[in-house]
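> With our numbering applied, the sequence shown closes on residue 514, and no number is skipped along the way.
Please note that a few of the clues may not be correct.
[To be verified] Simulated pairs of lysine to aspartate or glutamate, EDC-like, Cα-Cα distance not exceeding 16 angstroms:
no., residue 1, residue 2
1, K353, E363
2, K87, E116
3, K489, E434
4, K379, E123
5, K257, D17
6, K311, D282
7, K339, E407
8, K510, E434
9, K461, E432
10, K418, D406
11, K461, E434
12, K510, D475
13, K461, E495
14, K311, E277
15, K339, D406
16, K87, E123
17, K461, E476
18, K259, E303
19, K461, E435
[Claimed, not checked] Each pair of labels, with its calculated beta carbon distance range:
no., residue 1, residue 2, range
20, S471, A140, 50 to 56 angstroms
21, D17, A338, 35 to 41 angstroms
22, R393, K418, 18 to 24 angstroms
23, E149, R511, 55 to 61 angstroms
24, D394, H211, 19 to 25 angstroms
25, G395, G341, 26 to 32 angstroms
Read the hints as simulated data drawn from the structure, not as lab findings.
The beta carbon of each residue, even a glycine, is placed where N, CA and C say it ideally should be.
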Amino acid sequence: MYNLSVLLEDAARETPDRDALVFGDLRLSYKFLDTVANQVANLLRARGIGPGDKIALSSPNLPYFPMVYFGALKAGAVVVPLNVLLKPREIAYHLTDSDAKAFFCFEGTPQLPLGETGHAGFERAANCEHFFLLPANPAATESPIEGAELFWAALAGLPGEFEPQPTEPTDTAVIIYTSGTTGQPKGAELSHSNLLTNAMIDDTLFARSPHDTTLVTLPLFHIFGQSCVMNVSLYRRATMVMQARFDADEAIKLMVKEKVNFFAGVPTMYWGLLTHETSAEDIAVIKENLNVAVSGGAALPMEVLKGFREKFGVQILEGYGLSETSPVASFNRPDRPAKPGSIGLPIWGVEIKLITDDWKDVEGEGPGELAVRGHNVMKGYYGRPEATEAAIRDGWFRTGDIARRDEDGYYYIVDRSKDMIIRGGYNVYPRELEEVLMTHPDVSLVAVVGVPHDSHGEEIKAYVIRTPGSSLTEDELIAWGKEQFANYKYPRIVEFREELPMTATGKILKRELR
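Given these sequences and hints, build the entire structure.
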């Protein structure tokens, strides 16, 4: 059997009484988590849902997520995690596009009624037959939404044992929808082998202790949190301390209280922890315990990397991956020197190269578009053979990211190909500008984009969050940038903001800024 649910099965057999999940005052053992997942599998089987059928799941970082996720896998079903911020139209699209037969959706709160939004999308979707509401109050006996079935009521009386459905390594386990920055979101089909191998290899990249404690703040509906945090934690028999949504103050408190030693986040989370006013006592506790800090999802500014190391005493290790690569493709390996600013070297069993627009190899330093080949590359985009053919050739997946490499084979992301600015015929990479602008003492966070311009085609604009108390002006920052960059590169337009738009995973939404 090659079912990804073996991650939970083995952990429950070996460490049944260890805390698997901590959420608020709840402490749930591996045995309990496995029992509920078995009940979910029995529920699906009883409703005629079996191998290959699609199950959609919309939940923040709550115990519900792994319960449903692994229950569906045990039944041989395919999990389709959905971003919790989707609107009814978008939910209907995802349910229909993935051919989902059932939808498990968290109820939410009066301020954020996720259940009502989810049910509205469910009613618009084609062929989705079952809607299970994951209640905010587990003791609830009546569904607040007409036509929605309460999760715990549906599980009542079902056996806590289940023999997992045997699956082939190449069978689809999860469909992860891409962000859709270049059109409608596409579902990347990831196999049991893709995800299990990625979790096992990720484990070899991180320092391990006899009992790891992980802060789960990356959204589990995103492949980074799902694979590099949840699946790796299960493989390591770790305790997962769940945070429904990232908040720097709460994250610091949890790291101190639970003595967290493993943290994975996106750059904006590290920026949030770095700029948080943390007491010397709390910093001391974090320094004593935190031994692994991993960044991915976007380029990490060097100033954040250096500042975090100085404040908390741990080196952030950068890696690289995408939904389509399960996700990890490269990492700063522990057996080789870490190079700050680099995404490291290809992980075991994976090849990386640089290519041109027409798939020709780029020799030397580059830059060129990153292409990846290996056990981590997706099967393809669900129901989209033409998109799959355009993205994968001879096993190589083209990522859309522009990179260069050094003489030691380490890769460095230059920018997203679609983020590149062409000003007056010159290529300008926003990441380079952001790295330098972040060194200005009055700049806390920055995002650079291209905006339309009559004569140059595009002009360079910087959206800036100033450091607290700063009175930096637009003219001052432009003048400073003029001293740092070639004449065609420096930002001509600066806009100051209190915050920048971000995805649920903490990535800056440049398309909204554009």
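> Against each hint, give a clear statement of whether it holds in the structure.
Verification of the hints:
A hinted pair counts as satisfied when its Cα atoms are at most 16 angstroms apart, and K353 with E363 qualifies at roughly 9 angstroms. For a cut-off of 16 angstroms, the pair hint linking K87 to E116 stands: about 10 angstroms separates their Cα positions. For the proposed pair K489 and E434, the alpha carbon gap of about 11 angstroms is at most 16 angstroms, so the pair holds. The straight-line distance between the Cα atoms of K379 and E123 is roughly 30 angstroms, outside the 16 angstroms bound, and the hint therefore fails.
Distance hint between K257 and D17 is unfulfilled; the C-alpha atoms sit about 20 angstroms from each other, more than 16 angstroms. Restraint check for K311 and D282: satisfied, since their Cα atoms lie roughly 11 angstroms apart, inside the 16 angstroms limit. Restraint check for K339 and E407: the C-alpha separation of about 12 angstroms stays at or below 16 angstroms, so the hint holds. Between K510 and E434 the CA atoms are separated by roughly 13 angstroms; this keeps the pair inside 16 angstroms, and the hint holds.
At roughly 13 angstroms between alpha-carbon atoms, K461 and E432 fall within 16 angstroms of each other, so this suggested pair holds. As the CA atoms of K418 and D406 are separated by approximately 23 angstroms, the hinted pair breaks the 16 angstroms bound. For the suggested pair K461 and E434, the alpha carbons sit about 11 angstroms apart, so the restraint of at most 16 angstroms is met. Simply put, K510 and D475 have alpha-carbon atoms about 23 angstroms apart, too far for the 16 angstroms limit, and the pair is violated.
About 8 angstroms separates the Cα atoms of K461 and E495, which keeps this hinted pair within 16 angstroms; it holds. Distance check on the hinted pair: K311 and E277 sit about 11 angstroms apart at the alpha-carbon level, within 16 angstroms; holds. Only pairs whose Cα atoms come within 16 angstroms are accepted, and K339 paired with D406 is accepted, the gap being roughly 11 angstroms. Distance restraint check for K87 and E123: the Cα-Cα separation of roughly 13 angstroms lies within the 16 angstroms cut-off, and the hinted pair is therefore satisfied.
Between K461 and E476 the alpha-carbon distance is near 14 angstroms, which keeps this suggested pair within the 16 angstroms criterion. A C-alpha spacing of about 26 angstroms is found between K259 and E303, which places the hinted pair above 16 angstroms, so the restraint is violated. A distance of roughly 15 angstroms separates the Cα atoms of K461 and E435; the hinted pair therefore holds under the 16 angstroms criterion. Between S471 and A140, the C-beta spacing of about 52 angstroms keeps the proposed range 50 to 56 angstroms intact.
For D17 and A338, the Cβ-Cβ distance of about 37 angstroms falls inside the hinted range of 35 to 41 angstroms, so the restraint holds. Between R393 and K418 the beta carbon distance is about 20 angstroms. The supplied range of 18 to 24 angstroms therefore holds. Checked against the hint of 55 to 61 angstroms, the C-beta distance between E149 and R511 comes to roughly 37 angstroms, which is inconsistent with it. Between D394 and H211 the Cβ separation comes to about 44 angstroms, which falls outside the hinted range of 19 to 25 angstroms.
Remark: the range hint 26 to 32 angstroms for G395 to G341 is upheld by a beta-carbon distance near 29 angstroms.
Hints 4, 5, 10, 12, 18, 23, 24 from the list above are not met by this structure, while the remaining hints are.
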